[in-house]
Each structure stands twice: as structure tokens, then as C-alpha cells.
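**Student:** Take the sequences, apply the hints, and build the full model.
Okay, here's what each chain looks like letter by letter:
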Amino acid sequence: MAVLEVRDLRARYSASGPEILKGISFRVEADDFFAIIGPSGAGKSTLIRCINRLVEPSGGEILFYDREVTKLRGRQLRMLRRDMGMIFQEFNLIDRMSVMDNVLSGRLGYTSNLRSLFRAFPRDDIQHALSLLDRVGLLEHVDKRADKLSGGQRQRVGIARALMQNPKLLLVDEPTSALDPKISREVMALIKQMATELKVPCLCNIHDVQLAMEFCNKIIGLQDGNKMFDGPTKEMDQAMLDQIYDMEVL
Amino acid sequence: MNRDMEPRPATPSGTPQREWSRFKFPDSLIGYGIWLSILVFLAYTVEYLDIPLDRLLGMFGRLGTTLADRYYPPDINYIMDADYLEYVIETIQMAYLGALFGLLASIPLGWFGSYNMTPSRLFVYPIARFISMGCRAVHEMIWAILFVTIIGFGMLPGVLALMFFSTGFAAKLFAEEIEAIDMGQVDAMRASGANLFQIMIFGVFPQVRVAFTGIAIYTWDVAFRAATVVGFFGAGGMGWYLKRNILQIETERVAAILLSIIFLVLISEVISAWARARVMTMK
Amino acid sequence: MGDTLASPAPAVKPTVDDVIRSRRQNRYAKGAFFALLLIMVVWSIKVTVIEDTDWARIGSLGKVIEAANRFIGIDFSLFPSLIGPTIETLMIACLGTLLGVFLCIPAAWFGAHNITPYKPVTYPLARLMMTLSRSIHEIVWALFFVAAVGLGALAGVLALAVRSIGFIAKMSAEAIEDIDPGPVEAIRATGGSDFQVVIYGILPQVLPQVLSVIVFEWEINIRRSAILGLVGAGGLGLVFFRQMNTFNYHGVTSVIVAILMLILLGEVFSYFARKTVI
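Residue numbers (this note's numbering), protein chains in the order written: chain P, 12 to 261; chain G, 259 to 541; chain V, 2 to 279.
Check before you lean on any hint, since a few could be wrong.
[Unchecked claim] Coverage of chain V stretches by chain G, computed from C-beta distances (three or more under 8 Å per stretch; other residues unrestricted):
1) 42 to 50
2) 105 to 119
[What the hints assert, rightly or not] Mimicking PhoX-like on lysine-lysine, the simulated pairs with C-alpha atoms at most 20 Å apart in a straight line are:
3) V/K31 to G/K430
4) V/K14 to P/K155
5) P/K203 to P/K193
6) P/K210 to P/K179
7) P/K155 to V/K31
8) P/K245 to P/K203
9) P/K203 to P/K179
Think of the hints as simulated: they come from the structure by calculation, not from any bench.
Cβ coordinates follow ideal geometry from the N, Cα and C atoms, glycine included.
**Tutor:** The following block contains the structure:
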């Protein structure tokens, strides 16, 4: 059974606007670490955001554990999002809250309104958050405010927050483009390691081909909303890359 | 609006073939036309309102003599009275209750009236905008008169009037502040499966907390200024004192009361400026 | 060993109990703060609202609703006679704002600390003018001018003008303080006088901002001029007062509707005006 199956996905931002995704199909299996590569403006971010419906797709089907997600609404949509962790390019941490509160905010989908008003998370959640913070190496920064951390540390908080959801799929949107090369590699390694350990399949959208080839076992190449390539990393070659990045104006 | 007012660099000599004139055929004419019509409108307004311009010139002299003869010296003993001080305290309480309730009401109004976070853009958003505009458009004095007619004299109508006034004032500012937030944090909360309420608590509120506090202090400031006069029409506080003395032509007492109002407003302004400065550094 | 506790040593790893305890303490502190606030509010409510209100006069909630209901309904027959006062209100607002702008020129000039002529005297003077203008409510200003120049629109215009100084002058002075000094230096370098510096170096830089402040103040002045009639300074307020005194509550609603229409018009106009200015 595939974790995620996308069929003929289409998206546009306004009814009269250009189509950003022009019929994308692919499957993610349980042990996959998928990379989505392509020039900027190819629709990578839109594709990721369509899967947890931060962007509404305009056509096609998305099956998550054989469950159609494009028609979900309200509570069911929130349950779906709860099962998909997301890591963002700009980290999107709550700047004025502590690291602990940021990580705990990953549990919101499991928490009642009253508890979230007083930020009274259950003991198990706090225990879980502590162990995750230990794993990403931020245990001594628990009470620091998120905006006091460096870029790499903030992305680690973002990773811990996504894993806090006990996700069945990780959506990763350009995790490294706000970081310098050395930190980028560390962050990718951390995501890879945590995903393997927790057996979470990953869908990672990344503009750095080097990192994609190194960490991912499968690659989707997007160009201008069309899928150009879909297969194991070892089948990707220079000719294909040239073709995918053909339209990027340097 | 008036581009022709802006300075233009002088053309360097040596290019005599091109004529330059400040007057550009259609544009300048339109500009002059606008200015001319404004002037005509003003002249007509003075005519329509029947403003005696001759009296305007003599006004300053008369104002000076009136002030010197009748309003000076202010009757300071009158405002040092315990009764009056009680009214001052009432005014302060009225202002803070009105501002507080107004602020409480404007938090949901600001939320519902912000285009990016409103629960429904089709229904809730226009309704919230309409309510906040209505509260803002009606002057605090009119609110005071309406509430006095409905529930009688006292501080309750004053509090209600100030509440509606502060709601209108703060709701718009709150909504604008919410519209200016970073949506990335909101997206992160949506992605973790949070509902709308949780998104507000975690994704929006931490971002606007400081700005809201600043607005709240500002609202208090305006509400206090209004509270000094809502009593004029029977809604509690020192405004009633003012009215009584004006009706009795006790001009020296009126002067004293006005001085006390200016003094109190100055104190409140100094305190709130200090508080705002502190809040802003707390970012 | 003593100072490892004081400094945040990385070796000390927080346990779940630590975290839970500190979070709980945090929550209790916040709870206590809000409880205190709540007690204060309840106390003031008790003093101001419950003890001061004449509950016998109000009677039951039903009576209040009944009293409020009197205002529901519009007296359409009043509208023709509202046109004149509405125009008058608008004109008072326009003239008041314009006069206020003229009065502002010295206040803004003296009140901007980079161009004020003689700082120890003129700067505090301008600041005093601005504060005085803002701290006195328009009703009080109107009363004052009614006493000085008699009943009628002129008192309203003067009241609005004086009331407008504070805001326009403050914002303009701030805009002047924030200008780019480059053009000023350039004009000085060509040998321009102080007056020329103001006209060519400063005015073009601040004009859009000042114009938008003026339009904003004009919008507020419409709202204000609608009530000046309550103390005899002309406009819609006078009609409002008359309807109130003759207990024509539907007429009162009509006046309020007229005010709302006028303000809506002002808001639309100022929206487009500010768009073209900026």
C-alpha cells in the first residue's frame, strides 16, 4: 500500500490565472525519502502545499493511505493535517514563544481549546517534546525564546515541532535555502536520520541538486508545472538535469 | 496632485533648440482648474455659512479682554473641593471601564474584521467591518446622549458611550494590525492541524501582542479625553460640573475646571507615552 | 560547584518534572495577575455602575428595550430639511480643516527640532500649542468660541481649526524631522535662503505625507462638526438637539443616518484622495 498517491494533480491560484501544476502523478512508498527538484517557479512549493491543502488543488486526486483528501473539510481536514508533519523554508516558528512552546504547538491537533488557551499540555507531550529536543540537540535551550536562536537551531526546532505530531508523512519545503551550506548538510542529515529512525516517509522539496542526490532515494523533477522525471536517484543523470533546469535563466 | 509646485532643475544652456515652459498645455490647465475650483468653493462656503469676516478681526481683542476680565483668575479653591475630586475619580473609572469593555469587544471585532483571519470573508467580515465603522462614525457625544435618553442619568450611560467609542476606535486598528502579520506562522499552525481558535492563540496573538498593548494604551488616552466631557449631557463625571457652571455663568470656576481638565489630560498623556515607550522596548 | 547552578551550564539537562513545574508556576503567576485585574474591574463596576445607577428609573430590561425601541424607525419627512444642515456640517469641516492647516504652519515649523528657529524657546512653545489643542475636547473649544464670537458656524470653524492643530502639526513636525538632509544641503550649497530651503528642500519631501494627514484630519473633522451644533455652533448637531428636545426619536435616527451617510462619503473620498496623493 502506498503512503501517498497523487493522480493528475492540478493547481492554480486564481480562476483566470496560469496553471501552476499541470497534472502531476506519483506514488510515495513507506520507506521513501523523496526529493522534488526543479528550477524556481516550477511549482515545487505549490505541490507540497497541495498535499496538506494549505493550497487548494483545482483538480486531480490525492490518496493518503487510500483516503481521498481533496474533498475533506473542517475537522477531518485538521485530522489529516495532524498526520502530516511540515517543515518550512523560513522555519515559521512563533518568534515570541519559548522553544518548548514552539515544539508543543505541534500537538495542537491533539489538544482541546481550553488546554491550548492556557498552554497546559499533558505530561506525555512534554516528555515527548523533551526527548525530541534532546535528539535534535537543543535540550539546553528549552526556555529560550525562538527568535534568540540561530538559523540552524531554529530549523531544528521546526523539525522537532513537525515530529511532535507523530506524523505518518513528512512534508519538507526547502528546509535549507535559508541556511549556509555547512548547516544545510547537517540539517538534511538530521531530517534523514530522524525519518529513518521513526520510519516516516518524506517528501522533500529542495533546490540544491547535490543534497537531493546525496540524501534521497527517489527524485521527481518538475519543470514549469510538468513532471519531467520520476524515479530512483541512481537513474538520474546529467542529461536529465540539464533538461530539467533548461528553462532557468541564469 | 500638484506636480507643478515641485521644483524642476534649470535646463543647462547650450540646448536652445528645445523650448521649455513651466506651463504644459493640458496638465497645467487641469492643475490650475483644481486650485481655482477649490478657491471658488471656499469663497462660496464663507458666503453660505454667513461668516462675518469683519467680526473675525475684532475677535482676538475681544477674546483677550473676555479672558482677562471674566475667566481670570481661575477659582482654584473650587476645584480643590473633595466633592469635585470625587467626580474626577469617577471620570477616571468611567474612562477605564469604558476603554476596557471597548477593548474586550474590539478583539473579536478586529479578528472577524481582518481580511486574512476572518472566519468567513463573505458574511462575518463585512458585518464586523460595518459594526466597527458604525461605532467609529457616531461621535462619543451622540452615544452619550442616546444612552442617557435610554437609561437615564449616571455613570452607566457614560461607560456605555465610552465603550462604543473605544470599540470603534480600537477595532479598526486591531484589524489592521492582524492584517499585517507574517502568515508563515499561521501556515505552520494550520499544517499541524490546529483549529481556528488555536491558530489565533498560537499563530496570531503572539505576533500582535505588543502592538495591541500599544493600541490599548492609546485607546485609554482617547477615552479619558472623551470622559472629561461626556458628563456634559448627563453621563457622569466632571463634564456635568462644567455644564452647570457654564449655565450659571460662573466663568472663573469654568476656567478652573478647564485648567484641571488640561492638567489631568497632560498627566494621562505623559503616563501613557511612558508606558507605550516601555511596551515598545519589550518587543 | 556553586556557580554551575547560577550560570546556564549546558550539562544540566532539564527533566520533565522541572519543565512541568516551571510551566505551572508561570501559569499560576499569570492567573494571579489576571485575577487581580478582574477584582479591580469588578470593584469599579460595583462603584460606578451598580451603586451609581438609578435602577428604579431604568426598571426592568423590558423597559430599557422599550426605550431603545423608540429610536427604531426613520422619520423620512425630515430628510428634505436635513440637506441644508448636512452641507453646512461638511463646509464647517472643510473650512475648519483649512484654517487649522494655516495655523499649523508656525506650529510645525517651530515644533520640528531640526528647523526650529530658536530651540530653547520656540520648540517648547510649539509643543505646548500642540498639547493644548489636543487635550481640550472639541465641545469645550466650541463653547469657548461661542462665548467669544457668538452662535453660528464661525465658532464651529474656529473650534475645529484649533482642535486640528495638535494632530496635523505633530505629524507634520515628525515628517519634517525624518527628511533626508541631502536636498536641504544641496539648496544651501546653491546659496538659497532659509525660506528657499523650506520651499525647495523640505516641502517637496514632506508634502505627500502632510497632505494625507490633512485628509485624515478632515475625515475626523466631519465627524466632529456633526456634533458642534449641540452647543450652538451650527450644522447637524443643532437639528439633532432640536429633535431630541421635541422627543421626535425617529427624527433623531434620521439625523444619525444623515451623519453616517456624510461620514461614509468622507471616508470614500479620503480613501481615493490618499491613494492619489501617495
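**Student:** Does each hint fit the structure? Answer for all of them.
**Tutor:** Status of each hint after checking the structure:
Under the rule that three or more residues need a Cβ within less than 8 Å of chain G, the assignment of the segment 42 to 50 of chain V holds, with 6 such residues. Using a Cβ-Cβ cut-off of 8 Å, 0 residues of the segment 105 to 119 of chain V lie near chain G, which falls short of the minimum of three, so the contact claim is violated. Of the supplied pair hints, the one linking V/K31 and G/K430 is violated, its CA atoms being roughly 28 Å apart against a limit of 20 Å. This hinted pair checks out: V/K14 and P/K155 have alpha carbons roughly 14 Å apart, not beyond 20 Å.
This hinted pair checks out: P/K203 and P/K193 have alpha carbons roughly 16 Å apart, not beyond 20 Å. Restraint check for P/K210 and P/K179: satisfied, since their Cα atoms lie roughly 9 Å apart, inside the 20 Å limit. Between P/K155 and V/K31, the direct Cα distance comes to roughly 19 Å. Compliance with the 20 Å bound is thereby established for this hinted pair. Taking the CA atoms of P/K245 and P/K203, the gap is near 18 Å; set against the 20 Å cutoff, the hint holds.
For the hint linking P/K203 to P/K179, the alpha-carbon distance of about 15 Å falls within 20 Å, and the restraint holds.
Of the numbered hints listed earlier, those contradicted by the structure are 2, 3.
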